[in-house]
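Chains F and P, in that order, are what the protein sequence lines are.
For the first sequence, our numbering gives the first residue as 1, with consecutive numbering after it.
For the second sequence, our numbering gives the first residue as 1, with consecutive numbering after it.
Source of the hints: derived by calculation from the structure; they are not laboratory data.
This structure is a prediction, so every number in the text was calculated from the model and none was measured.
Keep in mind that the hints are not guaranteed to be accurate.
As the list claims (entries may be wrong) - Quick look at which bits of chain P chain F covers, simulated, 3 or more residues with Cβ under 8 angstroms:
| hint | stretch |
| --- | --- |
| 1 | 42-54 |
| 2 | 80-93 |
| 3 | 172-179 |
| 4 | 203-212 |
| 5 | 222-234 |
Claimed, not checked - Quick look at which bits of chain P chain F covers, simulated, 3 or more residues with Cβ under 8 angstroms:
| hint | stretch |
| --- | --- |
| 6 | 20-29 |
| 7 | 104-114 |
Glycine included, C-beta positions come from ideal geometry on N, C-alpha and C.
Here's the letter readout for the chains.
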Amino acid sequence: MRLIATGNQTVGPYFHLGLTQMLIPTVAGPEVEGTRITIHGRVLDADQKPIPDAMLETWQANAHGKYAHPEDTQQKPLQKGFLGLGRVATDDEGKYSLTTIKPGRVPGPGGVLQAPHLNVSVFMRGLLRHLVTRLYFPDELSNREDPILKLVEPSRQATLIAKSAPGRTGVLEWTVITAGENETVFFDY
Amino acid sequence: MGSETIQEVRGYRRPEPGTQPAYLYPPYASTVRRAPTKPLIFMPHTLSEVTGPIFGHSSVAPGEDDLTHANGGEAVGPRIIVSGRVLDEDGRPVPHTLVEVWQANAGGRYRHRVDMPHSPLDPHFNGFGRVMTDAEGRYQFKTVKPGPYPWGNHPNAWRPSHIHFSLFGPAFVTRLITQMYFAGDPLLPFDPIYNCIPDENARKLLISRFDWETTVPNHANGYHFDIVLRGRNATPMEK
Numbered sequence: 001m002r003l004i005a006t007g008n009q010t011v012g013p014y015f016h017l018g019l020t021q022m023l024i025p026t027v028a029g030p031e032v033e034g035t036r037i038t039i040h041g042r043v044l045d046a047d048q049k050p051i052p053d054a055m056l057e058t059w060q061a062n063a064h065g066k067y068a069h070p071e072d073t074q075q076k077p078l079q080k081g082f083l084g085l086g087r088v089a090t091d092d093e094g095k096y097s098l099t100t101i102k103p104g105r106v107p108g109p110g111g112v113l114q115a116p117h118l119n120v121s122v123f124m125r126g127l128l129r130h131l132v133t134r135l136y137f138p139d140e141l142s143n144r145e146d147p148i149l150k151l152v153e154p155s156r157q158a159t160l161i162a163k164s165a166p167g168r169t170g171v172l173e174w175t176v177i178t179a180g181e182n183e184t185v186f187f188d189y
Numbered sequence: 001m002g003s004e005t006i007q008e009v010r011g012y013r014r015p016e017p018g019t020q021p022a023y024l025y026p027p028y029a030s031t032v033r034r035a036p037t038k039p040l041i042f043m044p045h046t047l048s049e050v051t052g053p054i055f056g057h058s059s060v061a062p063g064e065d066d067l068t069h070a071n072g073g074e075a076v077g078p079r080i081i082v083s084g085r086v087l088d089e090d091g092r093p094v095p096h097t098l099v100e101v102w103q104a105n106a107g108g109r110y111r112h113r114v115d116m117p118h119s120p121l122d123p124h125f126n127g128f129g130r131v132m133t134d135a136e137g138r139y140q141f142k143t144v145k146p147g148p149y150p151w152g153n154h155p156n157a158w159r160p161s162h163i164h165f166s167l168f169g170p171a172f173v174t175r176l177i178t179q180m181y182f183a184g185d186p187l188l189p190f191d192p193i194y195n196c197i198p199d200e201n202a203r204k205l206l207i208s209r210f211d212w213e214t215t216v217p218n219h220a221n222g223y224h225f226d227i228v229l230r231g232r233n234a235t236p237m238e239k
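Sequences and hints are given; from them, build the entire structure.
Structure, rendered in C-alpha cells:
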C-alpha cells in the first residue's frame, strides 16, 4: 500500500520561535579544511521589496566534494564535525549572511561532475511549500558543463551564480528574488 | 558503472497530483507577491538531492519534548500528548530524524515580536520543542493545546488551532514543513492555509485524531499524528 505524502504548509510569520533555536550561520568551523567564503545578500519579493521574514537553508559537500551522508560512498576524506547544513534568517532589511567553505565538485547524472554549488531551500510566510534553488560560484569554468545549470535558459542562469564582492576576497553576494523581474530560478524538485 | 565517479542515484517520488499546495493561492493573500511567476525547472535528483543533514542523538537535549513548563512554572491550558510515526510513502519508518515544533499558547498567542497582543503571553510557555524519532520512526511530545487566533488575511480571519512541524528526513528533497490540526475544529472549513491542499483526502491527513492510547488519566489528552515523507523510486531512471 502506498501512503500519501503529507502536504506542505507555510512556515508562517512565527517560525523564528521554533526554527531559529538552531541557526547555523557558520557551516564549517575553523577545523574544517577548505576555502572560507562569506555569502551575503537579500531576499526580495515581486515588488523588489525586502522580505524580513525569510529563512534560507543550505546543504553542501565538503571541499573534496563529499557529502556527510551514508549514500555518498565516494572514497574521499570526510572530517568529523562537518554536517553540511546552514540555516539563516533574514533581518528587517531582508538581509542574510552565511559563512562556509567552497564545496568541491560532486558526481552528477551520467558521471558528469557537477560544478561546485550550494543547494538552497527558501522558506517564508506566503510560501505554502518551500522553494528550492542552487547557488553557484563566479569565475568557475566548470559552470559551463554543469548538468543542472544546463537545464536553465542562458538568460536566467545568472540568477543562480553569486557575484564576487568588489575588492573583498572570499566574499560573495547573492540575492534571491522570489517573483517578477529577475526572478531567481527555482526548481521542481 | 561502479567506478567511484559514477554513482547511480535513485531519486525520490514526485508528489501525486493535488496532494501538495500550489505556490500561488490567492485566498492566502501573502502568496500573491511572493509566489514565483515563472515555471519551475524540473531537475533530476543527483547526489546533492538524495543526501541531507544527519543529526546525532546529542542534537536534542532532555526535556526539549516537554513544552508545558518554562521559567520556573507550569503553562496554562489543557495538556496534550502528541505522538505518531514518521513514515515514507511505502510505509517504512523514518528513524532518527529531527522534528522541530512550534505553536501559540492556549490563548492563541505566539511568543514572537510580530504577534498582535490579542491575548496575553504566558510567562511559563515558550512554544517550541524538538524531538528525534526512534528506530521505528516514533515521536512524542507534551504540550498545551494551542488556541485559535485572529490574523489579517481577510475580515474576521481566524487560524484554527495548529502546531507547526518541521522535518528533514533522509535527504535534501524530503524536507517538510507542515501544520497539524485538531479534529472537529469549526474554523477548518474557512482557513485558506489548511484548504490550500486541493485533494480532500490529502488535506484531511493534516488533522490529528484523538487517541485514548496515549491519553493519561487525570492529566492529558492524547492526539495522534502520522507524518509521511516522500518515498523512493524503485529504479534510478524512474521519474
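Hints and how they fare:
1. 42-54: Holds: 13 residues of the stretch 42-54 of chain P have a Cβ under 8 angstroms from chain F.
2. 80-93: It holds, with 5 qualifying residues against the three required.
3. 172-179: holds (count 7)
4. 203-212: holds (count 3)
5. 222-234: holds (count 5)
6. 20-29: holds (count 6)
7. 104-114: It holds: at least three residues are needed, and the stretch 104-114 of chain P offers 5 whose Cβ sits within less than 8 angstroms of chain F.
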